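From first to last, the protein sequence lines stand for chains A and B. Take 4 as the starting number for the first sequence in this note's numbering and just add one per residue. Take 112 as the starting number for the second sequence in this note's numbering and just add one per residue.
Among the hints, erroneous ones may be present.
[Stated by the list, open to error] List of simulated lysine-lysine pairs, BS3-like, C-alpha gap at most 27 Å:
{"#": "1", "chain 1": "A", "residue 1": "K189", "chain 2": "B", "residue 2": "K219"}
{"#": "2", "chain 1": "B", "residue 1": "K270", "chain 2": "A", "residue 2": "K87"}
{"#": "3", "chain 1": "B", "residue 1": "K456", "chain 2": "B", "residue 2": "K399"}
{"#": "4", "chain 1": "A", "residue 1": "K193", "chain 2": "B", "residue 2": "K251"}
{"#": "5", "chain 1": "A", "residue 1": "K115", "chain 2": "A", "residue 2": "K139"}
{"#": "6", "chain 1": "B", "residue 1": "K274", "chain 2": "A", "residue 2": "K189"}
{"#": "7", "chain 1": "B", "residue 1": "K399", "chain 2": "A", "residue 2": "K82"}
{"#": "8", "chain 1": "A", "residue 1": "K115", "chain 2": "B", "residue 2": "K270"}
{"#": "9", "chain 1": "B", "residue 1": "K504", "chain 2": "A", "residue 2": "K193"}
{"#": "10", "chain 1": "A", "residue 1": "K204", "chain 2": "A", "residue 2": "K43"}
{"#": "11", "chain 1": "B", "residue 1": "K277", "chain 2": "A", "residue 2": "K204"}
{"#": "12", "chain 1": "A", "residue 1": "K115", "chain 2": "B", "residue 2": "K219"}
{"#": "13", "chain 1": "A", "residue 1": "K87", "chain 2": "B", "residue 2": "K251"}
{"#": "14", "chain 1": "B", "residue 1": "K224", "chain 2": "A", "residue 2": "K193"}
{"#": "15", "chain 1": "B", "residue 1": "K219", "chain 2": "A", "residue 2": "K204"}
{"#": "16", "chain 1": "B", "residue 1": "K385", "chain 2": "A", "residue 2": "K204"}
{"#": "17", "chain 1": "A", "residue 1": "K189", "chain 2": "A", "residue 2": "K40"}
{"#": "18", "chain 1": "B", "residue 1": "K456", "chain 2": "A", "residue 2": "K204"}
{"#": "19", "chain 1": "B", "residue 1": "K536", "chain 2": "B", "residue 2": "K277"}
{"#": "20", "chain 1": "A", "residue 1": "K115", "chain 2": "A", "residue 2": "K189"}
{"#": "21", "chain 1": "B", "residue 1": "K301", "chain 2": "B", "residue 2": "K385"}
{"#": "22", "chain 1": "B", "residue 1": "K504", "chain 2": "A", "residue 2": "K204"}
{"#": "23", "chain 1": "A", "residue 1": "K115", "chain 2": "B", "residue 2": "K224"}
{"#": "24", "chain 1": "A", "residue 1": "K87", "chain 2": "B", "residue 2": "K301"}
Keep in mind the hints are simulated off the structure, nothing from the lab. Owing to the predicted nature of the structure, the values given are computational and were not obtained by experimental measurement.
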Amino acid sequence: MQIKVRILDLVNNSYHSCVFLSMRDQIIAHYIRFSNKNGKAPVSVFQFCEDCGLSERQFFDEFSDFEHLQEEILGDFWKNTVAKLQEQEFYQNTNDAEKFLAVAYGFFENLKDQRSFFLNFFGNWSSPKDLFHGFKNFREVVMKYIDQLDLPSTDLGVAQLNKPINKLNSNALYLNLVFVLHYWVKDRSKGFEKTDALIEKLFTLSFDMMETNSLKKVIDLGKFLVADFKL
Amino acid sequence: MKTQDSIASSKLGRAVKLVGAGAKIGGNYLKYYAKKSITGEDSKEGLHEQNATDIYDSLSELKGSALKVAQMLSMDKNLLPRAYTQKFALSQYSAPPMSPPLVMKVFKTATGKYPNEVFDHFDTKSLAAASIGQVHLAEKDGKKYAVKIQYPGIADSIKSDLKMVKPVANAMFGLSEKEMKKYFEEVEDKLIEETNYHLELRRGTEISQASAHINNIVFPTYYPEFSSEKVLVMDYLDGNHLKEFLDENPSPETKNNIAQTLWDFYEYQLHELKAIHADPHPGNFLFKGEKVGVIDFGCIKEVPEDFYQSYFPLLLQEVQSDAELIQQLLMNIEIIFPDDSPAVKEELTNAFLRMTRLLSRPFCTEEFEFTYEFIDEIYATGEEIYKIQEVKKPTKPRGSKHALYINRTYFGIYSMMADLGANIKTGNRDWQARLWDSISAQTL
């Protein structure tokens with residue numbers, strides 16, 4: 004989180020005092036600031052580098068292109084959320100399903116700090132499907148995090164089937180996360196509290212379904228979506 | 112775009128549809144059961160306990176608010192026997208639970224700190240479910256606190272829940288949506304008010320300070336410095352809910368003292384403060400020794416003066432014998448209307464008077480004993496009145512919206528009194544004399 008706070012300092016104009024940031028993080032901060040200031044992402048690396056006084060070499064030493072840079076940003080937000088939570092006592096003492104939930108809440112809380120940027124950022128991704136395929140790097144970061152958790156597992160009674168089904172479960176968690184991301188972009192509720200409600204309903208349901216089927220919660224979630232999301 | 116459809120997206124699409132279907136099934140169940148209970152030819156058949164269980168089970172798929180509406184409307188109509196109301200009274204325990212991470216998140220968003228940074232100890236497991244959130248136990252410097260945390264987005268889901276009950280309620284009363292509007296607005300306003308913890312804090316503090324002189328009553332202190340719109344911090348009150356309290360076989364004297372405290376508290380609120388704690392379900396009272404703890408000031412009904420001046424005189428014996436005055440008062444509270452036919456006027460006046468005479472029995476004597484027979488008589492009379500055509504299928508919305516919460520409150524109190532087997536002093540002549548004076552002054 005240290006890193007994130009510094010990136011934010013930088014985004015918020017005080018980057019001269021942040022020379023201790025790595026070049027990679029400086030570039031990311033510049034990129035967010037550029038996008039916010041201009042209402043759109045830079046068109047070329049040349050234009051971007053000129054605007055923030057870097058050489059193109061400095062840019063390409065860190066990133067292959069803007070797409071690469073964008074991917075890293077989401078992953079950074081995730082990793083920073085995890086790092087910050089790991090300092091918290093309640094996070095250390097809770098089970099892994101709740102750890103995941105805590106990270107999900109923290110992640111969206113952190114995205115709030117840069118909502119303008121992310122609205123711009125996700126503007127091109129109109130459906131959850133596009134989002135799902137769009138962020139390979141982010142997906143890797145999240146899956147890596149999920150894989151080291153000890154989550155509720157589905158026992159089908161056949162050992163050979165359990166492994167693929169539980170792999171599917173982890174994938175489903177990522178899919179749900181992308182779905183929430185898509186919802187958050189369109190969420191207009193105060194403090195994005197509906198996103199919180201969605202996270203709660205969606206992931207507690209996911210974890211329950213990993214163990215058993217829970218029709219009750221399906222109905223609860225369905226009501227919420229039909230009423231509020233006009234599906 | 113269609114050609115790019117991938118397995119993953121169609122999977123998501125299917126999942127979403129499944130979820131949507133689930134919701135529709137839930138809605139159909141609700142409609143099916145509600146209809147079944149009210150359109151069945153033999154209405155008594157529809158009113159037995161098994162059916163109450165069915166309705167309760169399907170309604171509890173919806174969150175607390177929908178249940179509350181159903182409960183309130185039916186109680187007000189007097190049409191549900193005790194089996195139903197007991198089932199419905201359970202609704203308080205049915206809010207969806209919040210995961211510990213969500214509790215942390217809501218607390219942090221509201222106060223800027225995690226609970227364990229504010230308190231020495233914070234229990235992530237909830238103590239009890241409140242209707243729109245849940246209550247957690249916390250400790251700081253050896254003192255215990257109750258921390259109420261609100262479910263995110265609850266105000267919006269109250270609105271959508273209400274939309275789902277509306278058709279059912281309309282069908283129940285045979286009135287159009289337009290005619291039901293005033294009642295729904297009242298209920299919606301009250302439910303939305305409950306989501307504002309700032310308001311609850313202010314009202315809880317005001318009412319508890321004003322009522323502090325009442326013997327044996329205990330209120331929690333609220334802590335604005337730790338509270339926000341979504342988080343409410345108050346003293347933790349020790350004590351048992353009514354059922355557990357009664358299980359310990361307290362002496363009749365203790366029960367009477369407790370009942371007296373509750374009665375005096377409600378009399379004082381209604382006739383002095385003109386604002387009442389309008390959610391008198393057993394979960395909101397804690398009993399210990401002879402002390403009565405009152406919690407949850409989320410639902411407060413402020414009684415408008417003109418409604419007060421028209422509704423409560425009907426409880427006075429002197430008024431009940433003055434036919435002309437009664438007609439006037441019943442028109443004021445929208446039970447009868449000037450354009451009703453004389454026959455309808457008479458039928459409704461008689462029915463209302465019959466009910467009122469029964470309900471006002473405690474007020475007409477110095478002392479009153481609340482028995483289950485009394486409660487059953489109220490329900491039986493209610494069922495009989497319900498058979499009257501103009502009550503069963505009213506041609507227009509009858510009854511002031513303000514009566515909704517006041518009636519509910521008194522039903523709640525009467526049944527708690529019966530549970531306590533209360534034999535207490537009920538004839539408070541002060542407000543009765545005051546009302547009579549003001550009525551006489553007006554009619555002279």
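Are any of the numbered hints broken by this structure? If so, which, sorted upward? 2, 3, 4, 7, 9, 10, 16, 18, 19, 22 and 24
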